[in-house]
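As you go down the protein sequences, you meet chains A and B in turn. Residue numbers are given in the working numbering: position 120 of the first sequence equals residue 100, and the series is strictly consecutive. To convert a position in the second sequence, counted from 1, into the working numbering, add 76.
Hints in this document: simulated from the structure, not taken from any laboratory. Computed from a predicted structure; not experimentally measured. C-beta: ideal position from N, C-alpha, C; glycine also.
Taking CB as the label site, the calculated pair distances span:
1) A:134 to B:245: 45 to 53 Å
2) B:439 to A:181: 51 to 59 Å
3) A:145 to B:112: 18 to 26 Å
4) A:107 to B:369: 35 to 43 Å
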Amino acid sequence: MEASEAVDRPPAGDGPQDDILVADSVSKIFGGLVAVDDVSFVVPRHSIVSIIGPNGAGKTTFFNMLTGLYRPNTGAIAFNGQDITRVRPDKIMAQGLARTFQNIRLFGTMSAVENVQVALHSRTKAGVFRSMVRTPGVIREERESREKAHAVLKYVGLRESVFEDMSRNLSYGDQRRLEVARALVSDPSLLLLDEPTAGMNPQESAQLTDFMQQVREERSLTILLIEHDMKVVMGVSERITVLDHGEKIAEGSPQEVRENERVVEAYLGKQS
Amino acid sequence: MTVEAPPRGPTPQSGVGGVVESWRRLRRMRYFGLIAGALTIGLAALIPVTAFGSTSKELDVAIYAVTYVMFALGLNIVVGFAGLLDLGYVAFYATGAYTVGWFASDHFSAVNGGQAVNFGAETFLTQGIHLNFLLIVLIAMVISAIAGAIIGFPTLRLRGDYIAIVTLAFGEIATVLARNGADIKIGEYALTGGPTAIAPIDQLKLPFLTAFDSATDIRPYYLVGLGMAVIMLLVSFALRESRLGRAWIAIREDEVAAASMGVPTVRTKLLSYATGAAMGGAAGAFLGFYVPAIGANQFQFFFSILILSMVILGGLGSIWGVVAGAISLAVIDRYLLRETLKPVPEKLGLDFSTTEIQFGVYGFLLVIMMVLRPEGLFPERRRKVEMTQGEGTDETVFEASA
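Could you build all of it, start to finish, from the sequences and the hints given here?
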């Protein structure tokens, strides 16, 4: 697989136009707990970047701020050059930032296709009155949205026989695939994956790693992921950011991070 | 397959092929089943017109049944689809009915210098504003939709039971407003008549037809109510299979995920409140014409519970279930309790009226339902799973506001 040029350049040399996502000293405080503490962070366009860190390090909180579910107490976040710090989640998604969830959050009683169609909400426009009378335009839009959903479900490798099944009845692997399909269908420019390999065996994880590379190339995506599986992280990421107790303790290439003392400390504890 | 097919093939083969093809096309249509079902039910729905007398008690019950179907379908949009428990639905009966009170009686007696303003209505009254039925329904829907959005607004950041409490409060505000409306003056006119009903109300009149006469024949009222109920049924089906319907169900299932998938939750929830309210307002306007006197005593908390019971009894979210629930409770409420079972207490040597124990009867019915069939009479496929397998995420809504 060819690595893109943007990735090989050192981070410091990147102009702002090359960073699809810029978080500038972002903090989040819950009551007295500082969940994310003054984290600055950039994601270069077309790269695959990982956030790692022990449990409770604030990774998911950070994700939730990027996607608008939480408001940062301080700091600013820019996506594609636009400030999204206090923007609603649905608007951020409409701008092209899609995500999956750590604990799968499908709409359990909707079919796989319907789940994907919900994610097309911002890409379709049938309003309440036109939906009531089902104008030809609405019918066409429905058909197109269904076709799009089918295409993306095939793309992530879901069998056609389960397209109409209730999503909660799908196998675990299929549910994970469906979540990715739901995130991909809106043609995002940045895809956030929250622990995508959770609960997968090594073989499935390896497949997912390949899939991430493939998706990035074919759909010219940037991928940001939270991941615990070090094999996946080291294999797929071009840059890694390490969080611990809400602070950024290290950043760099997989090699740099692997050799960083503080990272080793955070994961294995201080040598006494 | 791209075969050039002449509009009417001369050979029998292409004719058959055309029929088969159009049949297939029909089957492929998502609501083919709906059309077939609606035809069957539609035929059954015409029975009251032929079987019952033109002013019979049975026909009266049937009229209430179709009205309750309208109310229940409207509430089903809010409670069933979007999952927002609404205990103040009576407010929209009130807005709908009072629209009739304002625009189909002599309520605004001094407008136009004391001369009646007549716009497509038929009336013997010499004062007031008198609008055509369809126009009034339209106005009622608009007023109710606005009221619905206003009521919904404070609940947007709440969940589950808390929404119920806020809507309950708003329902009570509506009933109190109706009761004290005689003292609330807008200009020189009272908002409502208070406990004194606004009456008389014009007879229902459709364009190109003469006004109905409920004293001699209430069958036309039934047909109009039936027509409105059918329209709302079709609208419910269309909405459920639409972009908006999916967004509602997505919010019901997981609001955070829905927002993250691009559903604007505030707007979508307000739309469900407004849509449900508009349907309630239309039903209220129809009932206002039928009753035909609009007094504050009609708008009680009990009404909200009655409609909600229909939705729950039939099966939350299930359109046919809600219809069945509405019809069965209409029959119990308007017929069994008021007619059939009326002499029973006396025969048992007891001294009470069966209408006094309505609450007890519905409560008992709901308890029985919850024990035997919690998902309702005709559950929606999705709801059944939710009810029997349990689900629900009750975490805080995302913090970013509108």
